[in-house]
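Input sequences plus hints: build the corresponding full structure.
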Amino acid sequence: MDIDLSFNAMTMTAKQFGEMTKTMMRETMVATGGKKVIDKITAPIWSWGQRNSVYPLHFGIACCALEMAAAGGPRYDAERLGIVFRSSPRQSDVLLLNGWISAKLRPSLKALYEQMPSPKWVIAMGECTISGGPWYDAYNVIQGADTFIPVDVYIPGCPSRPEAMIQAFNMLNRKLTAENRGSFLDD
Amino acid sequence: MSQVIVYDTPDRSVEDIARDLKSKFPAVDVLKAAPKRLHVQVPRDISFEVCKFMKEGLSFEHCSCVTTVDYIDHFTVVFHISSWTNHILSEVLVDLPRDDPTVDSITPLWGGANWHEREAYDLMGIVFKGHPDLRRIMMPEEFKFHPLRKDFIVGRRV
Amino acid sequence: MSSDEMWINMGPQHPFNHGLWNLRVKLKGETITQAEPIIGYLHRGWEKMVENRTYSQIVPLADRLCYGSSLSWNHLYCLTAEKLYGIEAPDRAKYIRVAVLELQRITSHLTWLMAVGTDLGSYTIMTWSIRERELFLDLLCKLSGARMTYNYCRIGGVRNDYPENYERDVLRVLDEFEKRLRDLESLMDENEPFLMRTVGISKMDGKTAMNLGLTGPIMRASGVDMDLRKLDPYEVYADMKFEVCTHTDGDVYARYRVRMDEMRESMKIVRQALSETPAGPIRVKVPRCPPKGNVVCHVEDPRGESLMYMVSDGSEKPYRLKVRSPNFVNLSASPPMLVGFKISDVPAIMGVMDMCIGETDR
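Protein chains in written order, with the numbering used here: chain A, 1 to 187; chain B, 188 to 345; chain C, 346 to 707.
If you're looking for bench data, these hints aren't it; they were derived computationally from the structure.
It cannot be assumed that every hint is accurate.
To be verified - Pairs of lysine to any residue, SDA-like flavour, derived with a Cα cap of 20 Å:
#1 Lys211/B x Asp232/B
#2 Lys586/C x Thr196/B
#3 Lys575/C x His274/B
#4 Lys575/C x Ser200/B
Structure (structure tokens):
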């Protein structure tokens, strides 16, 4: 904790003040062992809520997007697993990339990723997002989404079947269970 | 708008149209006049007049496509223009010198050629004189090269 | 510019876009005064990339031009390559191609209907269309092994013959689909909000449509009776008995109506093709390098006229392969359709145009 700041509370901006209080509270809770107690109660509930309602962004780039749409259809029915597509990046948890990423799209995609509030995850669906796919030597295709944003789950396939997408969400589910995020003080 | 425009049997044959075109513009070279296909080679300076005559006199109503090919020592612009009245798909080839890739735009005649010409400018660098809005369409505005040219070597990571 | 006019960016990420493109509209209040589509977000340089692949390696890449109706692009490429080589597919392959292409047309129109449902906010239309589409995807998966990018046509024929009992399965699906199509249509034709949002919106007359380069169902909805399957028949379409579906109003409802009628006509063609398929080989051998020359070939894609122009210099890779996508031109002709209407009409107008940005941007 930055002890200097605590004496200059009047010269801080609102954002700095918020960060200072959060850091102060967090360090106090960790030092006294209070965080562990709170986490034991809240982590299972928080984590259960997060993993059963993963909201992807309504973002379809190319071929794999049609399989994503089919996964939301009556046969594969992703909605029973808590996967509800949201239209705005501010309301979604996971960025489901499906299709080749061109150089013109890259700044928009970075902006979308940064607009999503944390905690957030990224699922790379299809060969194009993993490594550039069949367009690996094109002049306008980025060879893989993980060159500029961190990716959590990779789904191979060209195009990936809807069952593969649902399996990826299951893997993300297990990852969230393992992470077991605790109280509101975690980022 | 309550009547339907129908295209049944062709009005004129391909040979007829080829003869008409050749008699009006002797500099035009008819490369092929097969059923439903008419390929002509046109010099650059009369390309707009030939296309205008094709639209108004020979009832070619629809511009299917504007293509460009980079033969290393020259460019070729290919206009694919269809006549549905006569059931013909024609191919009009115009050769351009490598150091002066400009040609008259056919957008004033057929609005369908608008974006095709913009794409040809973007990817190959051909300048269409008389185009209402010639700017890049696929690549970002700041891109300095013309990717489809043969001297643009791909093979580097983006 | 007066103070109540402003430019709005609809895209590239927008719930009603199918694929990524940007629509800039200038609004005066809620009415659109100018519109400008901006594309290029999905440009991958397809035409440059195929100059580095052999002719048979391009067959699966052609699939991914428009993934909504990938068989028609696959087939167009194979047809163009066959013209360049100077060979023809055997008769059985032609009949198989026609039947499968029409099945793909129905699937593509069902994908369009799913998009229309999403755009107009009617999730029932979307869910029912996906359900019917799954029936056809099962058929095509049984035939070729993939759900979406089939890679089924080859230069010189098709990849494999019909599997066991395929004709019986197809006819069963078509009978079932005919009943369900009636249900789907009644969901829209007897639906007052749907009619309010589509009848009389965005009229375009036939002559303007032709001049702007529009082809396909949108042009036929404006009263122009032109279908490349009848005007310049390829494969065995000259022997197939079907009607060209047109409508005279030229508005959004007409464009929707034309596609629903086309689905019925496609079913007729499939039934006829299945019953008339002769026995024989399904593929001919093809040399590695084609002769020098250039060739052009155009077909009736579910979205309009698609054309490929191929230039060969005698080597095993093409020198230039140009793709004319119908969606590219349809999109360029969309500003006249949008001007004068409200911004809430934009999803209805653009949704009914059946956009697939993969082929627009290539």
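Against the structure, the hints:
1. Lys211/B x Asp232/B: holds, 15 Å
2. Lys586/C x Thr196/B: Between Lys586/C and Thr196/B the Cα gap is close to 17 Å, so the pair holds against 20 Å.
3. Lys575/C x His274/B: This hinted pair holds, its Cα atoms lying about 10 Å apart.
4. Lys575/C x Ser200/B: Given that 20 Å is the threshold and the Cα spacing comes to 17 Å, the pair holds.
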